[in-house]
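**Student:** Residues per chain are reported as follows:
4 protein chains.
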Amino acid sequence: MKQAVPNKKSIPNRARMLISCPDQPGIVAAVSQFLFEHGANIVQSDQYTMDPEGGMFFMRIEFDLERLDERIAQLKSDFAESANVFQMKWSLVKASRKKRLAVFVSKEDHCLLELLWQWQAGDLDADISMVISNHPDMQGIVESFGIPYYHIPVTANTKEEAERKQLELLVGQVDAIILARYMQIISPKFIEYFPGRIINIHHSFLPAFVGASPYAQAFKRGVKIIGATAHYVTEELDAGPIIDQDVQRVTHRDNVDELKRIGRHIERIVLARAVSWHVEDRIIVHHNKTVVFN
Amino acid sequence: MKQAVPNKKSIPNRARMLISCPDQPGIVAAVSQFLFEHGANIVQSDQYTMDPEGGMFFMRIEFDLERLDERIAQLKSDFAESANVFQMKWSLVKASRKKRLAVFVSKEDHCLLELLWQWQAGDLDADISMVISNHPDMQGIVESFGIPYYHIPVTANTKEEAERKQLELLVGQVDAIILARYMQIISPKFIEYFPGRIINIHHSFLPAFVGASPYAQAFKRGVKIIGATAHYVTEELDAGPIIDQDVQRVTHRDNVDELKRIGRHIERIVLARAVSWHVEDRIIVHHNKTVVFN
Amino acid sequence: MKQAVPNKKSIPNRARMLISCPDQPGIVAAVSQFLFEHGANIVQSDQYTMDPEGGMFFMRIEFDLERLDERIAQLKSDFAESANVFQMKWSLVKASRKKRLAVFVSKEDHCLLELLWQWQAGDLDADISMVISNHPDMQGIVESFGIPYYHIPVTANTKEEAERKQLELLVGQVDAIILARYMQIISPKFIEYFPGRIINIHHSFLPAFVGASPYAQAFKRGVKIIGATAHYVTEELDAGPIIDQDVQRVTHRDNVDELKRIGRHIERIVLARAVSWHVEDRIIVHHNKTVVFN
Amino acid sequence: MKQAVPNKKSIPNRARMLISCPDQPGIVAAVSQFLFEHGANIVQSDQYTMDPEGGMFFMRIEFDLERLDERIAQLKSDFAESANVFQMKWSLVKASRKKRLAVFVSKEDHCLLELLWQWQAGDLDADISMVISNHPDMQGIVESFGIPYYHIPVTANTKEEAERKQLELLVGQVDAIILARYMQIISPKFIEYFPGRIINIHHSFLPAFVGASPYAQAFKRGVKIIGATAHYVTEELDAGPIIDQDVQRVTHRDNVDELKRIGRHIERIVLARAVSWHVEDRIIVHHNKTVVFN
Numbered sequence: 001m002k003q004a005v006p007n008k009k010s011i012p013n014r015a016r017m018l019i020s021c022p023d024q025p026g027i028v029a030a031v032s033q034f035l036f037e038h039g040a041n042i043v044q045s046d047q048y049t050m051d052p053e054g055g056m057f058f059m060r061i062e063f064d065l066e067r068l069d070e071r072i073a074q075l076k077s078d079f080a081e082s083a084n085v086f087q088m089k090w091s092l093v094k095a096s097r098k099k100r101l102a103v104f105v106s107k108e109d110h111c112l113l114e115l116l117w118q119w120q121a122g123d124l125d126a127d128i129s130m131v132i133s134n135h136p137d138m139q140g141i142v143e144s145f146g147i148p149y150y151h152i153p154v155t156a157n158t159k160e161e162a163e164r165k166q167l168e169l170l171v172g173q174v175d176a177i178i179l180a181r182y183m184q185i186i187s188p189k190f191i192e193y194f195p196g197r198i199i200n201i202h203h204s205f206l207p208a209f210v211g212a213s214p215y216a217q218a219f220k221r222g223v224k225i226i227g228a229t230a231h232y233v234t235e236e237l238d239a240g241p242i243i244d245q246d247v248q249r250v251t252h253r254d255n256v257d258e259l260k261r262i263g264r265h266i267e268r269i270v271l272a273r274a275v276s277w278h279v280e281d282r283i284i285v286h287h288n289k290t291v292v293f294n
Numbered sequence: 001m002k003q004a005v006p007n008k009k010s011i012p013n014r015a016r017m018l019i020s021c022p023d024q025p026g027i028v029a030a031v032s033q034f035l036f037e038h039g040a041n042i043v044q045s046d047q048y049t050m051d052p053e054g055g056m057f058f059m060r061i062e063f064d065l066e067r068l069d070e071r072i073a074q075l076k077s078d079f080a081e082s083a084n085v086f087q088m089k090w091s092l093v094k095a096s097r098k099k100r101l102a103v104f105v106s107k108e109d110h111c112l113l114e115l116l117w118q119w120q121a122g123d124l125d126a127d128i129s130m131v132i133s134n135h136p137d138m139q140g141i142v143e144s145f146g147i148p149y150y151h152i153p154v155t156a157n158t159k160e161e162a163e164r165k166q167l168e169l170l171v172g173q174v175d176a177i178i179l180a181r182y183m184q185i186i187s188p189k190f191i192e193y194f195p196g197r198i199i200n201i202h203h204s205f206l207p208a209f210v211g212a213s214p215y216a217q218a219f220k221r222g223v224k225i226i227g228a229t230a231h232y233v234t235e236e237l238d239a240g241p242i243i244d245q246d247v248q249r250v251t252h253r254d255n256v257d258e259l260k261r262i263g264r265h266i267e268r269i270v271l272a273r274a275v276s277w278h279v280e281d282r283i284i285v286h287h288n289k290t291v292v293f294n
Numbered sequence: 001m002k003q004a005v006p007n008k009k010s011i012p013n014r015a016r017m018l019i020s021c022p023d024q025p026g027i028v029a030a031v032s033q034f035l036f037e038h039g040a041n042i043v044q045s046d047q048y049t050m051d052p053e054g055g056m057f058f059m060r061i062e063f064d065l066e067r068l069d070e071r072i073a074q075l076k077s078d079f080a081e082s083a084n085v086f087q088m089k090w091s092l093v094k095a096s097r098k099k100r101l102a103v104f105v106s107k108e109d110h111c112l113l114e115l116l117w118q119w120q121a122g123d124l125d126a127d128i129s130m131v132i133s134n135h136p137d138m139q140g141i142v143e144s145f146g147i148p149y150y151h152i153p154v155t156a157n158t159k160e161e162a163e164r165k166q167l168e169l170l171v172g173q174v175d176a177i178i179l180a181r182y183m184q185i186i187s188p189k190f191i192e193y194f195p196g197r198i199i200n201i202h203h204s205f206l207p208a209f210v211g212a213s214p215y216a217q218a219f220k221r222g223v224k225i226i227g228a229t230a231h232y233v234t235e236e237l238d239a240g241p242i243i244d245q246d247v248q249r250v251t252h253r254d255n256v257d258e259l260k261r262i263g264r265h266i267e268r269i270v271l272a273r274a275v276s277w278h279v280e281d282r283i284i285v286h287h288n289k290t291v292v293f294n
Numbered sequence: 001m002k003q004a005v006p007n008k009k010s011i012p013n014r015a016r017m018l019i020s021c022p023d024q025p026g027i028v029a030a031v032s033q034f035l036f037e038h039g040a041n042i043v044q045s046d047q048y049t050m051d052p053e054g055g056m057f058f059m060r061i062e063f064d065l066e067r068l069d070e071r072i073a074q075l076k077s078d079f080a081e082s083a084n085v086f087q088m089k090w091s092l093v094k095a096s097r098k099k100r101l102a103v104f105v106s107k108e109d110h111c112l113l114e115l116l117w118q119w120q121a122g123d124l125d126a127d128i129s130m131v132i133s134n135h136p137d138m139q140g141i142v143e144s145f146g147i148p149y150y151h152i153p154v155t156a157n158t159k160e161e162a163e164r165k166q167l168e169l170l171v172g173q174v175d176a177i178i179l180a181r182y183m184q185i186i187s188p189k190f191i192e193y194f195p196g197r198i199i200n201i202h203h204s205f206l207p208a209f210v211g212a213s214p215y216a217q218a219f220k221r222g223v224k225i226i227g228a229t230a231h232y233v234t235e236e237l238d239a240g241p242i243i244d245q246d247v248q249r250v251t252h253r254d255n256v257d258e259l260k261r262i263g264r265h266i267e268r269i270v271l272a273r274a275v276s277w278h279v280e281d282r283i284i285v286h287h288n289k290t291v292v293f294n
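Chains as they are written, first to last, in the UniProt record's numbering: chain R, 1 to 294; chain P, 1 to 294; chain D, 1 to 294; chain S, 1 to 294.
Worth flagging that the hints you see were computed from the coordinates, not collected in a lab.
Errors might be hidden in some of the hints.
As the list claims (entries may be wrong) - Listed below are the simulated BS3-like cross-link pairs for lysine-lysine, each with C-alpha atoms no more than 25 Å apart in a straight line: (1) D:289 <-> S:260; (2) P:260 <-> D:98; (3) P:260 <-> R:220; (4) R:98 <-> R:76; (5) R:260 <-> P:289; (6) S:289 <-> D:220; (7) S:220 <-> D:89.
What you are looking at is a predicted structure, and each value in this text was computed from that prediction instead of being measured.
Whenever a hint applies, use it, and build me the whole structure from the sequences.
**Tutor:** Next up, the structure:
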């Protein structure tokens, strides 16, 4: 069984805050003053104001605080007051507390393997708690990484039952779900259990080529660049907030098989990057768009 | 008045052939044997077979032939026979005979300026015969390059009349038309005069964001990459054969104005590249796609 | 004479601060508290800590303050006290006060033309106060933009005298000097007048191919990617702090002329981007490296 | 044990020719006529003339020929005559005859894993015959792919002996050697056994940062883009013919560890691409440069 090396980003006393609220003067001052008074040292701070007048304000802060473990509960409770003044939506987490992921996969293995490889190399700062698949194909490779594999077949008739079984495994056990070329549509009811916490890789440059067989669509249209898109899953198919996209040039020589081969390389890079940003608390979703502090 | 420097690609005795036909054994042999027997030296040859069995064959050849000027007519006449055997669509032109371009422009000047700059630098191997605009704004700059400028206003009522005036200037005088952010839709009747010879730059990564205000559409969708597409104009809006595309990463910080600014840089590069390929006979259109030998 | 359109970034009451100092807890709190108490609203804030323990801290803040014009002197004087506590090197400028640039050029016009074009399009938030050249070639085009052009020939014998003439034009009149393919080496004595304020474009991907004829060097080595580098000029040739670099793929088909042609496009984009960042106060130089908040 | 899926490029009757010779008229005609007369159908043909007058001519042809297996010996023997006329250096191989690779590795696994993954996915059209390492670390993972693993330690004293052992395993058994972050210098004597058939990945954008610790060198210089270079190994360290390079943007925030992490992704992509081109006979080495028909 392989062991992931310790991730270098996991500094014991480091915490991360994400904040979004209506913009007004004094937010940065209040937050940084609060942290200073509590003895924290800000090591990274990013902010974005959607529109200086009357828009939204977004902020991400990384800070170090001695004995974070024992003090984080009090810190949160103290911050809640300031947060109310500014009508903040906010989160405050320990960086060392790895997020637990479930990876969903069907028959294509490249996105899963990239996540496993980056996890093992210490580049993906998360725990992969389980892999769930509607096919048995990848049981061997997944278990060789010491990760539980659940084969839950899905047919038109058993879909509801399958999702029930999946939820039994997932709820309370994982923080986010990664659809690593999982070729089943997730029901709205399922999504409600993990709002803003299901990431999908779509094998096209959205919003081009929504739906099935995007590489065949791309070939037919004769595009000169193909791409892939990682996005949060919402009720509307392939229409959720985009996290990341990447592309590669292609030519008239590339047939559909070749586009798929090239596309696999784009997909795995884009999905792994999006998952990294999610587990490192770099993403704030606002309406149907993302603010990514990377 | 500025003078374009002589283009280094304009070698006096160089010719270019473009060929497309159903694939079968012996085409390359026949063509290269033909050229060899006529004393030509092939300096560049590219080919593409869409599908080895029963598909289409495309070829581009550059060759040097002593005293090309006096011999090209005979060469064409001789080649016509071989061409018939293979059911070829083909063209054979002197590389030194520059294509004459008309550039259409409205109020945005960046694509026009890029073409003028590349032309003046000797990078665009063509003559810019005239600029036609529905606005007077760019008359000064265009005329400072020694290029005639025709201001032909267009309104809903005068569109037909305007196209008639344009055609009077164009037919027989130019080889291709470049829509360099010309914000008017070209009528099917007009297109018939220049089939496969009108190039448009669309300010999005097609097929995403067809039609008006693509940067506003891109902002709304929250894409992480924007692009531009150069394509041949056909009857269906923004649906003609794609010649080239390029993209650039953007972030949540980029508002619509910023997307436009970034996009301008992509548009001018993509359009200039597509025009270069067209005037250097590097493009074969097949159905709604392009084969680009670059 | 052409007029630059007003730059959209020039908001009347906006100010920009750049700060660098040894890292310690409380810096962000102190600065943001200071600004809040003076009635400023932070619209953008970026920071970077070189190493959480014992390293350097760098910060860039954009803020809006009512009646900035009348209050900026007092603001600076007040801030000086806090700045001392933290041993800050800092600057505080009005965003609406455009930096004045002198562009130096020799015979290649592409970098100059790009700057003129971006300036005219309102993308370059600066005043181009003058162009100085050791050749007369570009007088016409520069003056057509309403910009003074000074032809100061340089030979081995007259170099000192030429620099003296240049300094007479420059000192007190411009804030930064842009070497837009100026093919003369600047003397250390000259550099002392504009420390950290002379930007050069080198036509290679530094540190590869330092010195003369980088494209010929690149061709000889057979690289598959070429690049360009914008950097601040220091005494050591091509060794100053790098601001930006970009690259493009090339192939065995590209001879030296073709590399130059491709390179021109990279050079002008990279130089224009570096100049933009400089005039928007996005760059802090630390030792021989740059921190770029973009 | 995992099985590589059959590579889609392995069409039974397909052959590949590589040709280089001094340029003169009639080469393409002679070759294509020869193939036509022998009943071959050219499916892909690329050529490059270094300089139309007096330069070198390079060509790559893929063709299909019925019953290739039984006829290839005769074909070669027939072609040798034409080849002599043009002073050709040439090769003619069956595409279905996979090249046998030995992969050398030390402690970093990412380049090896990428090759294994692409091989298993059917994207790398080769046999991986063995992995040789100076460390035991990767024995488990390599053997799980059904590939023999040889642990041959190397010290300053045992280097000659180690190379002798390696050669015993390699000579006659493999067609090419891939140094997948193998941290030992190969002796000139060893190289003589595999001239032009040893590919190394260097973790910098050559010729920048030759030798040890290129990421530390890159960090010190403050470059804004890092890269990796795949090249054939020659006697002079990191100076052999470059096959491919790629790069990625970095910022002041990226410390040496982060550069290494980003670099790993570039290295594995670049090496895998170079190996693919080598095994698909797409590369011709001429002096110290490569012609790559891809």
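**Student:** Would you mind marking each hint as holding or not holding in the structure?
**Tutor:** Tested hints:
1. D:289 <-> S:260: holds (19 Å)
2. P:260 <-> D:98: Between residue 260 of chain P and residue 98 of chain D the Cα gap is close to 23 Å, so the pair holds against 25 Å.
3. P:260 <-> R:220: violated (29 Å)
4. R:98 <-> R:76: holds (19 Å)
5. R:260 <-> P:289: holds (19 Å)
6. S:289 <-> D:220: Holds - the C-alpha atoms of residue 220 of chain D and residue 289 of chain S are around 8 Å apart, at most 25 Å.
7. S:220 <-> D:89: Judged against 25 Å, a Cα distance of about 22 Å means the pair holds.
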